[in-house]
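Chemist: Line by line, the protein sequences are chains A, B and C. With numbering that gives the first Met the number 0, the residue at position 44 of the first sequence is 43, and numbering never jumps. With numbering that gives the first Met the number 0, the residue at position 22 of the second sequence is 21, and numbering never jumps. With numbering that gives the first Met the number 0, the residue at position 98 of the third sequence is 97, and numbering never jumps.
Just so you know, the hints here were simulated from the structure itself, not pulled from any lab data. In this text, a Cβ means the ideal position worked out from N, Cα and C, and glycines have one as well. Please note that a few of the clues may not be correct.
[As the list claims (entries may be wrong)] With a Cα cut of at most 27 angstroms, we get these calculated DSS-like pairs of lysine-lysine: (1) Lys-99/B with Lys-39/C; (2) Lys-29/C with Lys-2/B; (3) Lys-150/C with Lys-2/B; (4) Lys-4/C with Lys-89/B; (5) Lys-99/B with Lys-67/B; (6) Lys-67/B with Lys-516/C; (7) Lys-150/C with Lys-39/C; (8) Lys-75/B with Lys-488/C.
[Unchecked claim] Reference listing, derived: stretches of chain A covered by chain C, where coverage requires no fewer than 3 residues with Cβ under 8 angstroms from a Cβ of chain C: (9) 7 to 19; (10) 27 to 35; (11) 77 to 85; (12) 226 to 235; (13) 258 to 264.
[To be verified] One-sided excerpt, in silico: chain C residues whose CB lies under 8 angstroms from chain B: (14) Asp-143; (15) Gln-213; (16) Gly-258.
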Amino acid sequence: MVTAAIAYLAFAIFVAGTVWRVVAWARVPVPFPIALTCGQQKSLDGIRAAWLENPWTPAGAACRTALEALLFRSLFRNSRAQFLPGPRFIYRPALSLWAGALLFHVCLFWVWIGHLRFFVDPALLGPANRFVDAGLLAGLAFLFLRRVLDPRLRYLTLLSDYLPLALLATVASSGILMRWWFHTDAAAVKRFALGLATFHPIAPVGVGLLFYVHLFAASALVATIPFTKLAHIAGVFFSPTRNLPNRSRARRHVNPWLAPAQVHTYAEWEDEFRDRMRVAGLPLERQ
Amino acid sequence: MPKYEHDGRIYEVDEDGFLQEPDLWNETVARDFAASEDVPEMTDAHWVVVNYLRNYYLQFGIAPMVRKVVKETGFKLTQIYELFPSGPAKGACKVAGLPKPTGCV
Amino acid sequence: MAEPKPDELVQIDYAPPHAPWPGPGAQFRKGTYSHAGAAKNLKYLGLPNPRDWQPPDADWKLPENWREIVIQGMRERLEKYRSFRLFMDICVRCGACADKCHFYLGTGDPRNMPVLRAELLRSVYRRYFTPAGRALGRLAGARDLTVDVLKEWFYYFYQCTECRRCSVYCPFGIDTAEVTMVARELLNLVGCNINWIVEPVANCQRTGNHLGIQPHGFKDTLDFAVDEIAELTGIRVEASVNRKGAEILFVAPSADFYGTPHYYTLLGYLMVLHEARVDYTFSAYASEGGNFGMFVSHELMQRLNAKIYAEARRLGVKWVLGGECGHMWRVLHQYMNTLNGPPDFLEPPVSPVTGTVFSNARSACAVHICEFTADLVAHGKLRLEPARNDRFAVTFHDSCNTARGMGLLEEPRLLLRAACNRFFEMPENTIRERTLCCGSGAGLGGDENFETRMRGGLPRAAAVRQVKEAHGVNLLACICAIDKASLPKLLDYWVGGVEVAGVHELVGNALVIEGEKPRATDLRGEAYV
Chain A
0 MVTAAIAYLA FAIFVAGTVW RVVAWARVPV PFPIALTCGQ QKSLDGIRAA WLENPWTPAG
60 AACRTALEAL LFRSLFRNSR AQFLPGPRFI YRPALSLWAG ALLFHVCLFW VWIGHLRFFV
120 DPALLGPANR FVDAGLLAGL AFLFLRRVLD PRLRYLTLLS DYLPLALLAT VASSGILMRW
180 WFHTDAAAVK RFALGLATFH PIAPVGVGLL FYVHLFAASA LVATIPFTKL AHIAGVFFSP
240 TRNLPNRSRA RRHVNPWLAP AQVHTYAEWE DEFRDRMRVA GLPLERQ
Chain B
0 MPKYEHDGRI YEVDEDGFLQ EPDLWNETVA RDFAASEDVP EMTDAHWVVV NYLRNYYLQF
60 GIAPMVRKVV KETGFKLTQI YELFPSGPAK GACKVAGLPK PTGCV
Chain C
0 MAEPKPDELV QIDYAPPHAP WPGPGAQFRK GTYSHAGAAK NLKYLGLPNP RDWQPPDADW
60 KLPENWREIV IQGMRERLEK YRSFRLFMDI CVRCGACADK CHFYLGTGDP RNMPVLRAEL
120 LRSVYRRYFT PAGRALGRLA GARDLTVDVL KEWFYYFYQC TECRRCSVYC PFGIDTAEVT
180 MVARELLNLV GCNINWIVEP VANCQRTGNH LGIQPHGFKD TLDFAVDEIA ELTGIRVEAS
240 VNRKGAEILF VAPSADFYGT PHYYTLLGYL MVLHEARVDY TFSAYASEGG NFGMFVSHEL
300 MQRLNAKIYA EARRLGVKWV LGGECGHMWR VLHQYMNTLN GPPDFLEPPV SPVTGTVFSN
360 ARSACAVHIC EFTADLVAHG KLRLEPARND RFAVTFHDSC NTARGMGLLE EPRLLLRAAC
420 NRFFEMPENT IRERTLCCGS GAGLGGDENF ETRMRGGLPR AAAVRQVKEA HGVNLLACIC
480 AIDKASLPKL LDYWVGGVEV AGVHELVGNA LVIEGEKPRA TDLRGEAYV
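Put together the whole structure using the sequences plus the hints.
Modeler: Following this line, the structure appears as structure tokens:
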């Protein structure tokens with residue numbers, strides 16, 4: 000029963016934390032339309048505008064955000080600068096981060112979907128295959144090794160960046176060990192999972208130590224999502240540089256907290272310069 | 000507040016060595032500041048530029064644009080640089096006791 | 000002060016220090032930082048804590064409760080800007096931004112990596128605003144706000160030009176310009192700012208423009224320009240000031256009325272607007288399109304920007320046309336309508352020459368001169384002789400703000416292709432949305448931070464050198480007043496033999512005005528070939 004309680008607790012923290020986090024973002028206004036434009040604006044008829052990289056409709060902006068969230072569009076632009084005598088810089092395409100990150104995220108998502116078979120009866124989907132598992136491990140290894148081996152990455156990495164990697168590695172490796180080498184009774188796991196899902200929790204029976212490692216690490220991971228950088232999963236959809244259309248001159252964006260400006264008025268200005276303006280023959284409001 | 004001293008006379012200047020109070024300017028001040036600008040001696044040509052700058056400043060409250068200095072003093076830009084090695088906007092303005100222009104210039 | 004030589008500055012060490020971040024605080028070495036804002040300017044603007052101080056001073060004469068002021072200021076801004084709050088929370092430190100910053104590329108200083116620039120603020124955010132940071136401190140990447148941290152903020156947030164290049168590459172769209180703008184607002188709450196910003200702002204508040212050109216001086220300059228065009232072409236163009244009833248109010252960055260080579264761009268505007276028979280007026284009250292207020296706070300940006308719509312209303316014009324300037328267009332495009340609109344007294348802009356409706360500007364009623372002139376050229380309304388620019392092999396430098404805060408990419412290129420026979424692009428990683436900053440934007444164009452500017456501009460200069468070597472490029476065209484001020488010096492320093500000009504200067508050179516006499520020289524007074 001303790002096991003079930005921990006799983007519930009983690010899930011509750013995740014849900015409450017995510018709601019808190021998302022509400023915290025959502026209730027802060029977006030005061031200015033600060034779209035970051037990566038292509039030609041829509042202006043003259045003869046000039047082709049970039050509807051996706053510089054969208055002027057909300058639908059275009061939604062597509063741009065989706066491309067960012069699903070295919071990591073911006074990482075696909077990545078390059079690595081090299082400084083040469085001359086002085087000269089060359090910028091080589093650097094797609095390893097894009098490929099590695101995509102591999103990791105896709106495999107993780109796939110494996111996660113595969114877990115639904117434990118919670119739905121009858122299972123609609125089979126588990127992820129060995130290639131996906133290998134991809135997940137390779138992706139994780141890549142994300143870890145680049146932080147350790149690249150001196151620049153090592154310098155900018157905080158201790159707290161290793162925590163999610165460690166949890167993910169624990170979850171993934173224990174899961175893979177159970178699946179391919181130290182088989183755990185899948186039916187028992189399913190009974191436990193269905194119990195959780197139907198709010199009739201039962202204690203897991205006949206599962207090994209690895210299962211507990213897997214479940215507790217996964218619980219810790221899920222519970223920390225809202226409170227760490229893992230919040231980027233939700234945050235990417237909120238980013239105003241990406242999700243706003245670039246149409247600020249065509250349609251006014253309203254700022255809810257704005258107060259009128261304390262302007263140095265024309266009258267005050269003319270008062271200071273009136274004599275000199277008169278001599279210069281400039282028009283005056285008051286003589 | 001930084002100070003600039005020449006021949007025993009002390010002036011309050013800004014961080015770039017420009018005279019803080021342009022109203023305190025006179026010909027002695029010009030000669031003193033010329034020494035800080037690699038101008039060993041104030042010749043007639045120097046005075047033509049400095050007096051033009053000074054008069055423009057008194058009328059308009061700002062240094063004239065470089066193009067105008069060139070046209071109205073009759074010196075080419077290269078000649079002005081020969082007179083004032085750090086140029087019309089910096090060296091010449093400093094000697095003429097004008098504040099330094101700021102902004103996108 | 001002896002300026003460092005280029006071969007000294009290219010000794011860049013990109014290896015990060017052995018000691019872990021954050022390491023020692025900022026080092027205020029001469030040539031790398033800007034002078035402090037002068038007390039008289041802060042007083043004039045009503046900004047907090049005016050005093051005599053300079054960044055290398057040990058005692059910054061901060062208010063006694065400065066920490067509370069800054070933390071409270073942070074709390075308020077976390078409630079006002081979703082961008083700020085979000086960007087404090089979601090960075091995963093993937094490092095994609097690291098080598099996208101021109102200041103990092105030019106200095107090798109790891110704290111110029113955008114991720115660590117933001118981390119300066121983020122570490123304090125965690126300490127005071129997140130449960131993990133409060134509880135775990137350093138372990139969670141949090142740190143106390145101390146005087147040394149504040150000094151680091153000052154050094155590195157006045158070593159960011161808000162160019163937004165890093166944001167192009169960020170998978171979450173984290174925009175360091177947003178972080179820097181908030182950081183500078185916080186620094187300003189306790190009176191920490193630089194004079195190259197607050198003096199133009201004070202000038203602009205009083206006289207209407209950054210340079211402090213007074214109305215009679217403004218008219219004098221325009222009269223001078225009109226005379227010069229008459230000498231060159233035999234045509235007297237009209238340049239009215241504060242004229243009521245004109246159809247269009249024209250607003251340009253004030254450097255166009257003052258600086259070199261900006262002034263030649265002004266001649267170009269005057270010639271194009273004359274040839275197109277546009278009924279327009281300048282304003283001496285709204286004589287600044289640029290907005291250094293943006294580099295202090297959103298509030299000051301609003302105060303300075305308000306003059307444009309106010310003047311458009313007073314003069315009774317139908318819409319606003321704006322000159323060549325980078326951050327001016329960030330403000331006019333993305334802020335003005337929100338800050339000081341809606342301008343319901345104006346009309347959706349229509350070109351009086353071609354009848355084109357600028358529907359992309361129908362609400363803010365402000366059109367960029369490159370949009371306007373490109374429309375004229377596209378409709379064949381201007382006769383251009385590109386051979387007049389044949390002594391130039393031209394390249395184009397996209398300014399950060401029009402590229403990444405607007406998307407004005409093709410309009411200036413259309414003009415250059417029409418006005419010049421020899422036009423060459425720089426490498427693709429250095430133009431359009433990936434354009435590299437001049438290194439002097441966002442108010443960092445002073446003389447005292449010369450080394451930082453030259454370092455920050457190095458990647459841009461290196462790209463110019465490439466097209467100079469490949470195609471003999473000897474002129475860089477741009478549409479930004481800060482570029483026109485900073486790039487001549489930068490290119491002299493790193494490249495040599497490349498001049499800088501506004502796009503409208505080249506259009507003015509090529510433009511055949513009806514009834515003009517044969518021109519002896521170009522706008523600079525130089526022989527055509």
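Chemist: Checking each numbered hint in turn, tell me which of them this model violates, lowest number first.
Modeler: 9, 14
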